[in-house]
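Put the complex together from the two separate chains, hints included.
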Amino acid sequence: MSIVPQSSPHGFRAGAREGFVVFLPISVGLVPWALVMGMAMVGAGFTPVQAMGMNLIVFAGTAQLGTLPLIAAAAPLWLIVVTALALNLRFVIFSAAIAPGFRGIGTPKRWLAGHLLTDGVFATCLDKMMHVDDPPWRLGYYLAPAVWSWLLWQFFTLAGIFAAGYIPKQWSLEFMATIALIVLLVPLARARPMLVAAIVAGGSATLLRGMPLRLGIVVAICAGIAAGFAAEHREHQERRS
Amino acid sequence: MSYDASLWLTFILIGLATTLPRAGFIVLGNRVALPPVLQRALRYAPAAALAAIIVPDVLVTAGDLEIFSPKLAATAAAIAAALWSRNPWLPFIAGMGVLLGLRQLLGA
Numbered sequence: 001m002s003i004v005p006q007s008s009p010h011g012f013r014a015g016a017r018e019g020f021v022v023f024l025p026i027s028v029g030l031v032p033w034a035l036v037m038g039m040a041m042v043g044a045g046f047t048p049v050q051a052m053g054m055n056l057i058v059f060a061g062t063a064q065l066g067t068l069p070l071i072a073a074a075a076p077l078w079l080i081v082v083t084a085l086a087l088n089l090r091f092v093i094f095s096a097a098i099a100p101g102f103r104g105i106g107t108p109k110r111w112l113a114g115h116l117l118t119d120g121v122f123a124t125c126l127d128k129m130m131h132v133d134d135p136p137w138r139l140g141y142y143l144a145p146a147v148w149s150w151l152l153w154q155f156f157t158l159a160g161i162f163a164a165g166y167i168p169k170q171w172s173l174e175f176m177a178t179i180a181l182i183v184l185l186v187p188l189a190r191a192r193p194m195l196v197a198a199i200v201a202g203g204s205a206t207l208l209r210g211m212p213l214r215l216g217i218v219v220a221i222c223a224g225i226a227a228g229f230a231a232e233h234r235e236h237q238e239r240r241s
Numbered sequence: 242m243s244y245d246a247s248l249w250l251t252f253i254l255i256g257l258a259t260t261l262p263r264a265g266f267i268v269l270g271n272r273v274a275l276p277p278v279l280q281r282a283l284r285y286a287p288a289a290a291l292a293a294i295i296v297p298d299v300l301v302t303a304g305d306l307e308i309f310s311p312k313l314a315a316t317a318a319a320i321a322a323a324l325w326s327r328n329p330w331l332p333f334i335a336g337m338g339v340l341l342g343l344r345q346l347l348g349a
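Protein chains in written order, with the numbering used here: chain Y, 1 to 241; chain Z, 242 to 349.
It is possible that some hints are incorrect.
Unchecked claim - Rough simulated footprint, nothing fancy, chain Y against chain Z, three-plus residues with beta-carbon under 8 Å:
1) 243-250
2) 278-292
3) 295-309
4) 320-326
5) 330-343
Unchecked claim - Residues of chain Z placed beyond 10 Å of chain Y at every Cβ, according to the derived structure:
6) 346
7) 347
8) 348
Unchecked claim - Okay, the calculated beta carbon distance ranges per label pair:
9) 130(Y) / 306(Z): 45 to 51 Å
10) 123(Y) / 348(Z): 44 to 50 Å
11) 100(Y) / 282(Z): 21 to 27 Å
12) 107(Y) / 308(Z): 47 to 53 Å
13) 136(Y) / 272(Z): 19 to 25 Å
14) 313(Z) / 107(Y): 45 to 51 Å
Since the hints were made in silico from the structure, they are not lab data. Positions of the beta carbon are idealized from the N, C-alpha and C atoms, including for glycine.
If we strip away everything but chain Z, and leave its shape as in the complex, we get (with noise of 0.2 Å):
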């Protein structure tokens, strides 16, 4: 299969992945329900699965573990604008800001 192609039928999985989730429950309405037990575990995957992608998103560089860098920095200054600010626009101009500005300090 060509990339593009894959691609397609990537987004289409994707999709459904999507949808089949939120619409279930609307669209079978009371004819079933979630376990309780199976409800409150289910509420920590989407907060696992973020950190599982951010993390070694921030702490690897060219696959090797970098712990010190300006993503952590700049990791650090988007969460702080995160926590203390409702602006949505901040989190990004702090974040990219810390990023850009080491990389020009450190001359990398």
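The following block holds chain Y by itself, in its conformation from the complex (with noise of 0.2 Å):
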């Protein structure tokens, strides 16, 4: 059933310049939240070392902001974990979908592709990867933004850690680490179901945060997906009546 256009696009090197023209004005999106992430990092007491060791580690913009608040409030490391699969989670959807683009590519790659996967090149590489045939081409048109979205990250992490130090410390730069979290929400909850698992799991986790373990966390976020679910099934329900 595959599609092979009339001149199919073949080779790394074209594959990856054509990923790279497209990704280029969308990565500009990057700036701001590396550069927060930097400065967050720093918030939340770590040295530049372990700032940038963090960011080699973990390159995941959500993974890290959203962990921040419980290493520096030294919440149990299980707690800790469990939060960044959480929010890590809408990646093992993503990789299932776009994994048949890597057929005819090997293991090493595949592992490479995998780790340096973000919203911004799944959007930007799932039609392709799906619809062209040769293999070089499309791991070009693949490595090129995400390798590209990786020097961008490091970089403007790296500047946010030292600006960091010129900023006083009644400007609660924290807080600028809730605001970049609250940028991703936004255009998540603009579905309802969406929202009703948001509020859900906001709200208990607000109500809850006396349990011990910060163990609220993690039943607010079982709430908010059973919500968000039962939403979307009464959605289906009254669409259908």
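Pasting the structure below:
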């Protein structure tokens, strides 16, 4: 069932060039994020080496920003890991969706591609990865935006780490991290079941904040998922009746 | 374990919790598939997790529920900026502007 275009594009370089051109304007959105990430890590009390270490080991804006308040509050390790997993779950779905695009590509390159998967790269590459035949072209089309994102992210996080030193403490830089999380949540919560999930999870987490080991967050996430699922189910029924 | 060592351990575990979900299906290819019901339920996990972190951050100050605060106004400004503009800087400028401006006014 594969659709082969008349002049099928081929070659790693051609793919990389095309992917980079498509992705370049989108990638500008990473800059404020990376700056905030750098400042937030310093705000959480990390040294520049610790901050860059986290940035190199964990390549994930949301999981990094989301776990910072927990790390700063000395929450138990398992809770930090569970929260990071919850924040990364959408990538299980992205990964499953884009996996057929890696047909004919070896396992080490797949690991690299997986490590570098981001929302922006997924959105940019999914369609072409499905419809172009030549594996080197596909790999180039994927890796050029992915590696470019990685470079931008590392560079501007480092800039944020150094900028943080020049900003007075009473400016409450840690609130920048909260705003960054809000910016991520807003487009998600446009769909009604998502909004329900967010409200239930947020409300529960606030009410349950006294639970030991910050267990309230895990309970709140589960409650949010259940509420979102129920709201989606109700929407389907309303449409049918 | 020292604070520094436990911090690096934390980073490595968060790193695993980040790379494994992303690389999993890409590395395994078409050998496994996620059940559709689970896929649909998992879609709500990011929104739920984000809200579970944000809402207490905004509504709780020093351990006490304090709904009307400069943080709430700053949150509203950031949400409005994110809704009505595609400029990636604006939510940060609006949110921090309102937070710092109100704190200045209230003398806190």
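Comparing the hints with the structure gives:
Counting residues of the region 243-250 of chain Z whose beta carbon lies closer than 8 Å to any beta carbon of chain Y gives 5, which reaches the threshold of three, so the coverage claim holds. With 13 residues having a beta carbon nearer than 8 Å to a beta carbon of chain Y, the region 278-292 of chain Z meets the requirement of three or more and the stated coverage holds. Given a C-beta distance limit of less than 8 Å, the hint that chain Y covers the region 295-309 of chain Z holds, as 8 residues qualify and 3 suffice. Coverage of the region 320-326 of chain Z by chain Y holds [criterion: at least 3 residues with CB-CB distance below 8 Å; count 3].
Check result for the region 330-343 of chain Z against chain Y: holds, 7 residues qualifying (beta carbon to beta carbon below 8 Å, three or more required). Listed as outside the interface, residue 346(Z) is consistent with that label: its C-beta sits roughly 14 Å from the nearest C-beta of chain Y, beyond the 10 Å cut-off. Chain Y leaves residue 347(Z) outside its interface by the beta-carbon criterion, the shortest separation being 13 Å against a cut-off of 10 Å. Every CB of chain Y lies more than 10 Å from the CB of residue 348(Z), the least distance being 12 Å, so the non-interface label holds.
Look at residue 130(Y) against residue 306(Z): about 49 Å separates their beta carbons, and that is inside 45 to 51 Å. The hint said 44 to 50 Å for the Cβ distance between residue 123(Y) and residue 348(Z), and at roughly 45 Å that hint holds. About 23 Å separates the C-beta atoms of residue 100(Y) and residue 282(Z), a value consistent with the hinted range of 21 to 27 Å. Distance hint for residue 107(Y) and residue 308(Z): a CB-CB separation of about 52 Å, consistent with the stated range 47 to 53 Å.
Range check, residue 136(Y) to residue 272(Z): about 23 Å between beta-carbon atoms, so the 19 to 25 Å window is met. For the hinted restraint 45 to 51 Å between residue 313(Z) and residue 107(Y), the CB-CB distance of approximately 49 Å keeps it satisfied.
Violation of the numbered hints given earlier is absent; every hint is satisfied by the structure.
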